[in-house]
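From first to last, the protein sequence lines are chains A and B. Sequence positions in the first sequence follow my numbering and run 1 to 312. Sequence positions in the second sequence follow my numbering and run 313 to 632.
FYI, nobody ran anything at the bench for these hints, they're computed from the structure. Here a beta-carbon is modelled for each residue, glycine too, at the ideal position from N, C-alpha and C. Hints are supplied without guarantee of correctness; some may be wrong.
Claimed, not checked - Reference excerpt, derived from the structure (chain B facing chain A, CB under 7 Å, subset only):
id, residue
1, P322
2, L326
3, I329
4, T331
5, M396
6, T404
7, A428
8, P431
9, I484
10, T503
11, L512
12, T515
13, G541
14, L605
15, T606
To be verified - Cβ pair distances, simulated, as ranges:
id, chain 1, residue 1, chain 2, residue 2, range
16, A, E169, B, L512, 45 to 51 Å
17, B, T418, A, T220, 22 to 28 Å
18, A, P164, B, R342, 26 to 32 Å
19, B, D581, A, V270, 34 to 40 Å
20, B, T418, A, C30, 19 to 25 Å
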Amino acid sequence: MIAGGRRRRRKIHRFLGWGCAWLAAGLVLCCLADMVGTVLLRGLESFRWRMLWTPTSGSSGGLENALLGTLLLVAISVAIAAPLGILGGVYTAEFAGRRTARVIRFVAEILSGVPSIVIGYFAYLLLVQACGWGFSALAGGISLTVMMLPYILRSTEASLQQVPLTLREAAWGVGMTRFQTIRYVVVKPAMAGMATGVLLAVAIAMGETAPLLYTAGWSTMNPNLQLTHQPVGYLTYIVYKYIEMPFPDAHALAYSAALVLLMVVLLLNVAVRAVVGHASVLRFGRGRSPRSEDYRRAGGETWQIQRKRRRS
Amino acid sequence: MAAGIAASSPVVFLAGIVTIVVIQAIPSIRFSGWHFLTSLTWNIGNVYGGLEHEHGVTAASGASFGSRVFIVGTVASSVIALLMAVPVSLLTAVILAYRTRGVVRTILSTLVELLAGIPSVVIGLWGMTVLTPWISTQLGPLLSRAGGVIPYLRGPVGTGMGLLASGCVLAIMVVPIITATTRDLLLQVPTLYREGGVGLGMTDWEVVRHICFPCIREGFIGAVALGFGRAMGETMAVLMVSGNAVNLLPQNLYSPISTMAAFIADQLDSALTDASKMAVHALSELALLLMILTVATNLAARLLVSSGRWRQRRTGVDAP
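Just chain B, with the same shape it has in the complex (with noise of 0.2 Å):
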């Protein structure tokens, strides 16, 4: 039964990770405690000097490890993504799906989809060569001046790189994603709910709107978590354009941030010039703890999808 275990396989590696990064989590768990959640210094001390020991474990002397600008940075920025792609995302499917079809709707859809197909370190690339000086020279600039209501929005707009550009960045990895699923529930909705909204009288806008909208609203939401799990966790773009700031919170839209994924990603040569191992297993925590939020993320967006797939059975909302 090769196949069995074959099957099996996908188990045997979650389980792997999992396991592994644990354990390489728990002397920096003992050391760092909850700390690790509200301390704002990731030092990884005197790599040079004496080791300390505490809790029973060894570090580098004036070592500490806080991740809470990491967990800041990654939220934040995944939430600015989420607020310009879910709009964008919603209409562009509702084009894909009501106002396109045959050969312009596939050739529309494939362009889509090979958003998503593009390279994150492309897209970084572009970010950095393209976008972050469009937002430091254009953006930045218009918006600090037309936004002096909310707070947030003012203030120097520096090099570009930063908590806006990160947004953008994971904006335009995210939109593809939702895009593609929400044009499959769109042309889910039963023709003849979007035809008894026209002999209600309803123009086409208000169909859209007053039905399709309500029909897919869990699928929808569970698309969303699942964009904002693939956001918390994208790596080499935010790298590219976030600035990468340390022991630093975001003041302003433009402030230089870093989150966890890519600064695990920056942290490589750290990780290997520390003696005391300390450095490893402080990034395999953090490690542990990317991996929880993302899981967690994805697993509650399972859980609105297949709820609404559920009541749409109930209702006896079949797929056309």
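Excised from the complex, chain A in its bound form (with noise of 0.2 Å):
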């Protein structure tokens, strides 16, 4: 009786955890189809293709000069962040001393927990003002930069820990320089990894809007390449300022351009997701060696292992 009981109760305890947590998935996949099909709905409703190349003109007309802008923010950004991520990467994973790259990994970690409006704080204190660029394309990619530099960091040093020692073994054993055996031996493997970091980066600085609210300002007009002195519209500002408007121009611009804005990253994500993944897999051979998540997974110990017998 007693111990009928206790297995009822158990049952149902069983019953109501495995319910709950499957409501809990429902849940957030639930929020997620409702976001998505809500800006898809509305977005394509409003969205009409001469957008692309009519500029904004008060509270209605294109997205034409918030694309340019955005295009040319994330450029700028690129262009700054990529050399230094990779470089500063390259540098953790293959030459720093244990120590350093502790040190290097920790401050990037803490930079990346920075709030972005802080960050576009900093830019508008130093950029805008101490300089006196004014709102600016490149004080905008600048801001921009420090937002994607830890992330392109971190990956681009994940992905070289991803290459087997024994690749640079028998670069060194033919008689390859650290140099020679980076340039040809190890970043082929990795390249992969570092340019879903770099892609990744770009969707993320696609998508930011307050580092820029402080230091790119707000244009109607097409960006020109005068970079400073001169503001510039990006896509995430008509979202959140044309949404606040009265009008129902201005509504339609801004789902038009939550619309475009989420198609982008949305693509960006799963397109890198989906090459990279069967690039890794064809790369690294199938079957026969483990495949990229298992080696993020035993990542720390297989990379302390390597070290250790490189030193000795």
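Each of the two chains sits in its own frame; use the hints to bring them together as a complex.
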């Protein structure tokens, strides 16, 4: 009797537990679906192709200036952040001693935890005011750089760590210097991971608003190549400002901008994951060697063993 | 050694941010003192009137900078977000780790990661056009009727923009972070432990509840702290749904609020119009405060995660 009661209670607990778990997972997926669905529906209702080649005027018009502005800002920030991040990642993974590497990793982590609005405000104080650049593409691009840099650095370092030590040893064995080893041997298998990091950082930068409010300003004109003293428009600004205006035209513009933004960011995310996931499996050989996930999971330990072996 | 210089760039950027923000905050610290943390009133003063001098610094007459409203708003909205996000992400992670596999797991995990990739301004847009009307017409009245026991649940629901909406939006942004980390932690729980539990006659739920959860506790707390740091620093989505309250402490779950990050973003115009530049300095101090809070939270999270790993290694538990 008692045993039966306990058994029933345990069964009920199990049922309740898994029920709640499925409910939670369903809730998350529903939120995602509702969000993407809403933006898709309202965005498609209001999107017109001519918006892509009409600049904004007042509360209506198109998105051309904002699209070009976003592209310009992202281009500037990638041009600065990608070399810095990739070189920094190479240094951290291949050259730095254990303590230096730990310090760099630590600082990068703290930097990635600094709120984006603080980065924007810093760029406003330093670049817009102290340097006197005014609201400009360069100031916006640099504040995006600060956001992207730790991300690119960490992903570069992680993908270099996944390259097995045997490849390096083989390269050293045929008499290559450390630079040659990295240049001709190590970078190739890590390329996919590094590209993923950069592209995902681009996706993050495209969706950022807070670092740009205080640095890029807003302009209804198409950006020209003057990088300072010239405010520049960007897509997220339209979403943020135009949805608060009381005009239907402005709302249509905001939804269209959100649609364009969401599509680009999601496609970038999905495409990168699909292509790279496939490529890294092919590159490491199917079935024989572990897949990239396994490398990542075991990353810490293998890396330490590698370092120990390299030291001795 | 271009690579070495590049590697030092995060250090340079971080040092630059800290230096600039601290230097610009000094006049405000001298002007407001401890008052900055305790006062409720944020008023940049009469920008067209005369200037006043106090403690050796100049500000517009009648200026008063107090950030207590924003500190309370930041912490309250982040705590509400965590109250919602923690159970949901823990349970979702359990499903991802133990109830799905192969293609389904990959797809579901990717979907959760995509949620993290959605720009915050789009989440804010959704919050403004879908979430706040829903809170205002359905969830709010329901809660205020059901929650007679807890005083904070009662009260006029208003437009729906406020503490609850901010919490919901933040929860949506935090869930993917906690879920992804927790799923990885759960996958690291040794299969032997779980098999041992099954061998003792535990149900699969009891295995999760009594074996897996204790195993990942430190790491999970670290993940939650990480999410807390993110929630406090989030700007745009909160700015769009918080109601932007100034000089007003939240009275109930539906009161309009403002967080530190959202307030900085909102005050661009006022910072530009203040001739004495004291508003710029005060915002700088607010940014400094926000940075200290989030960085401290992140450091605590890191410490917790690494101490969890350390204990795992000590007890001889290795990744499968």
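Structure-based check of all given hints:
no.: 1; hint: P322; in the structure: holds, 5 Å
no.: 2; hint: L326; in the structure: holds, 5 Å
no.: 3; hint: I329; in the structure: holds, 5 Å
no.: 4; hint: T331; in the structure: violated, 9 Å
no.: 5; hint: M396; in the structure: violated, 10 Å
no.: 6; hint: T404; in the structure: holds, 5 Å
no.: 7; hint: A428; in the structure: violated, 9 Å
no.: 8; hint: P431; in the structure: holds, 3 Å
no.: 9; hint: I484; in the structure: holds, 6 Å
no.: 10; hint: T503; in the structure: violated, 14 Å
no.: 11; hint: L512; in the structure: violated, 13 Å
no.: 12; hint: T515; in the structure: holds, 4 Å
no.: 13; hint: G541; in the structure: holds, 6 Å
no.: 14; hint: L605; in the structure: violated, 9 Å
no.: 15; hint: T606; in the structure: holds, 6 Å
no.: 16; hint: A:E169 / B:L512: 45 to 51 Å; in the structure: holds, 46 Å
no.: 17; hint: B:T418 / A:T220: 22 to 28 Å; in the structure: violated, 44 Å
no.: 18; hint: A:P164 / B:R342: 26 to 32 Å; in the structure: violated, 58 Å
no.: 19; hint: B:D581 / A:V270: 34 to 40 Å; in the structure: holds, 38 Å
no.: 20; hint: B:T418 / A:C30: 19 to 25 Å; in the structure: holds, 20 Å
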